[in-house]
Amino acid sequence: MKNIRNFCVIAHIDHGKSTLSDRLLETTKTISDRDLKEQTLDDMDLERERGITIKSHAIQMSYLHTDGECYTLNMIDTPGHVDFSYEVSRSIAACEGALLLVDATQGIQAQTISNLYLAIEHDLEIIPVLNKIDMDSAMIDEVAEQIIDLIGCKREQILLASGRTGQGVPEILAAIVERIPCPKGDPGAPLQALIFDSIFNSFRGVIANIRIVNGTLRQGDKVLFMNTGRQYDADELGILQLDYVPRQELSAGNVGYIITGIKVSKEIKVGDTITHLQNPAAEPIKGFEDVKPMVFAGIFPLDNDDFEDLRDSLEKLQLNDASLVFEPESSAALGFGFRCGFLGMLHLEIVQERLAREFNQDVITTVPNVSYIAYTRKGEKLTVRNPMDMPDPTILDYAEEPYITAQIITKPEYIGAIMTLCMDKRGILIKQDYLTQSRVEMTFHLPLAEIVFDFYDRLKSISRGYASFDYQPLDYRRTDLVKLDIKLNGENVDALSALVHRSKAEAFGRGICARLKELLPRQQFVIAIQAAIGAKIIARETISAMRKDVTAKCYGGDISRKRKLLEKQKEGKKKMRQFGKVEVPQKAFLEVLKLN
Amino acid sequence: MAGLYLHIPFCRQACHYCNFHFSTSLKLKEEVLRAIRAELYLRRDFFEKGAILQSIYLGGGTPSLLTGYELEALFETIYQYFRVAPDAEITLEANPDDLDEPYLTQLRQTPVNRLSLGIQSFSDEDLRWMNRAHDAAEARRCIEQVQAAGYHNLTCDLIYGAPTTSDAQWEANVRILLEYGVPHLSCYCLTVEPKTALAHFVKTGQSPPVDDDKAVRQFLHLMEAMETAGYEHYEISNFALSGHYAKHNTAYWLGAPYLGVGPGAHSFTGQIRQWNLPNNPRYAKLVQANAPWQSLKGLVWEEETLTPADCYNEYVMTGLRTKWGCNLLQISAMGDFFAAHFTKQVETFVVQGLVRRQDYHYALTREGKLLADFISAELFYTAVAGN
Ligand SMILES: Nc1nc2c(ncn2[C@@H]2O[C@H](COP(=O)(O)OP(=O)(O)O)[C@@H](O)[C@H]2O)c(=O)[nH]1
Ligand code: SF4
Ligand SMILES: [Mg+2]
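For the record, the sequence lines run as chains A and B. FYI, the numbering for the first sequence is 1 to 596, going by the numbering used here. FYI, the numbering for the second sequence is 1001 to 1387, going by the numbering used here.
Isolated chain A (complex conformation) (with noise of 0.2 Å):
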């Protein structure tokens, strides 16, 4: 146990945490030149594009040491997104240490912050390195000083790297092993063994990535999960490189997976604790939590006659998304479809975008909302997950909505549009603090239907980037709700409804009106785009009618060419729904979201 390090890396997105980790796994020779891909980490394709990690990956390499020793190090690579900041936690908790990786031209950013915060509370020793130094905006002494602000650590204790270089891999690999203490725990203690992340496989069913804390896990022993109480063989276990090489056994301190036959991903909770059926532990390992999805939408077919393709790429989507939940529900509009659970908004994007990628199903996504608690006068409390289902004005008693807390590290310059940004959305300051002279950290307390919509990209604009955001669920607050609903002329389309604040209800409706009357194409008639709450409409557009659709020339080379432009346009025309007369393009119900 003495020469296991296991740490994780903690960095804001493109600051070089998959470019270091690749020169890292070269380095120690964990993979040859031929395997390295660019990225070896990010394997999932929309990963690379996005160039943003979604699920955790874990990576075992041997290592050297000039004290003549060879040390196992366990890499942990944890997601970088707030949606996924549970995952991070687990991610945290199951190792010894961590490196602070900040990019030299970018310095901190408040998503770094809230997960170095989280790695302190866990007593991670922190290795902070300054990345990216080959470049020429690197401010190394201005970062360098964030950093000792931050954690209190000596000039001399950050390491200056350059992923892209090599520079100063050498000595962050020395670091680890001097720095980082090696894993506690008793290998004939009861077996505790933390779950810090599933991955779903089509030949093998679901692995689990885990942290060996007590006792020792052996090949045929019969397990049991604590939080969920199921009982499982171990079938097979090892440790993890570039692919899975089974081992034995793993004891205290190690990190491995685990494959036991299950074959849903939602069956494993992320921060569960193995143990022996026999001889089992006293208790968990602290920490757990059902995560719950904060973001609810409806995803229904293009096409009706798809419903059941759609529940069964739902179904296989989460085998391999766990905290992806749904449930079948109607629309007058849109007939019928799921009501889905997503962390965020960019979980959301991620798994529509699957749909179409790997099941190639075309969706028609809802306006998203948050949860709403509504009280009857009868004294009822419901979960409203769907604007459909809040009470009747006539029956509700109130209504409560979410808030959270949100931090946003920013320039002291941006902190009056960030106020009135977050002002607007119906934020509370908490507290103000200076983290540098440069960089003050903003604290508010936030209804949490208003970051769903287009807080993020306002944040980032109003602050040319220089704004990082990170939040978490705080509690429910009483709210004065009106369900707003959208007409084309004159029917309602429920798939655009949505529950709004009433000071908000107004702005709301005319910027969805004039969002829909760029998105959609125009008919042979006119079209009206009405916002009502009730019987009152309180914004409206109007789409002229079309006038002109012909080419001038249509000679020789024309006719191929413009039959097949028509012929797309026609395909294209099939990826509408319609309402009444009126043809809604499939990305409008997205895209109407995106108000500015």
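Simulated from the structure, these hints should not be mistaken for lab results. Among the hints, erroneous ones may be present.
What the hints assert, rightly or not - In silico lysine-lysine, DSBU-like type, Cα no more than 30 Å apart, as pairs: (1) LYS553/A to LYS1323/B; (2) LYS1214/B to LYS562/A; (3) LYS1195/B to LYS517/A; (4) LYS1297/B to LYS269/A; (5) LYS564/A to LYS1027/B; (6) LYS1214/B to LYS564/A; (7) LYS564/A to LYS1247/B; (8) LYS570/A to LYS1203/B.
Assemble the complex: chain A is given as a structure, and chain B with the ligands must be docked to it using the hints.
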């Protein structure tokens, strides 16, 4: 029926709206002309045995950049390898700045018997905006000289809907051409084609996008004025006095076979479409009399075989644009399911007054002409959905 098209891929300067294939460098002109003559030889058996050319069309680009001598050489090759009807329509596209007295004298030595003039407008402001090589005075002088030289079988191109073209200017443009008694007119709505200077201007805000309402007004005026003057609106963009339909172009719309020679030219056998790649240097280098045409496939030309649905769609699309419209009997001959599909889909448009039915013929009404693309797309048969 058989038609021959020659593409002359050179222009003096690039008009801002134009997306045709041309080069403004004349360096390869001789080389390309040599290769065109080689292609004529290589594809001499394109048509069925005994086929007689009813039309020859020299388009571009700017064919009037060719000297009389170069034209004669081309025609010599054409007549050597193809049979040409004595009364064949032989059209040359020409720009006003090229057609001076000496040129017209040379032209009379060639078999050309019809001229297509790129007039576009009689307003200097319009012409400058379009970056045409001629001005309004040249446009007028050109028509007068051509007529004086005895070329009465004329067609002129005009463009409407440009930001600089006021309604009054547009009305004047149409009136002037009518006054000259030009028997055939092609009028095109300005369109912003991708990868043109105009597209760039619109994207960067240097030019406003096309004003649809204005384009509609000017098109409606055009239809009225031409009808009053006794012209037939026989294709969306084409008007003719009786007996002056463009034979060559009409053949395109009726689905007749044609051979297109030169870089970027398209050919059609009735079943297969072939196109030469729009690349002058490659064409000039590879097209040699001793290189079999088939060996150049993929290098110089490509082809595609139309499926029955493709044929039906093209027939609907081109047919609806003409005054003859679509004939249900002809559609039935392509397959009964096409006819069933067509009759089912067309009904809405008949009810809406966009399509007029007469026996087996379906043609666009004046309102329908404004929506020709939309209507044909609705009538298309696309495999996936079956409708
Ligand atoms: N100049 C320079 N660029 C780097 C360095 N490390 C990463 N990058 C670049 O920064 C971007 C983000 O890197 P990546 O490793 O994907 O960051 P991640 O989002 O934290 O995983 C990529 O374009 C990298 O090529 C470095 O040390 N120097
Ligand atoms: S419009 Fe005619 S002259 Fe102008 S660039 Fe195009 S082909 Fe050449
Ligand atoms: Mg990455």
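Quick rundown of the hints versus the structure:
no., hint, result
1, LYS553/A to LYS1323/B, "16 Å, holds"
2, LYS1214/B to LYS562/A, "24 Å, holds"
3, LYS1195/B to LYS517/A, "28 Å, holds"
4, LYS1297/B to LYS269/A, "60 Å, violated"
5, LYS564/A to LYS1027/B, "35 Å, violated"
6, LYS1214/B to LYS564/A, "28 Å, holds"
7, LYS564/A to LYS1247/B, "26 Å, holds"
8, LYS570/A to LYS1203/B, "26 Å, holds"
Going down the numbered hints, you'll see the structure goes against 4, 5, while the others check out.
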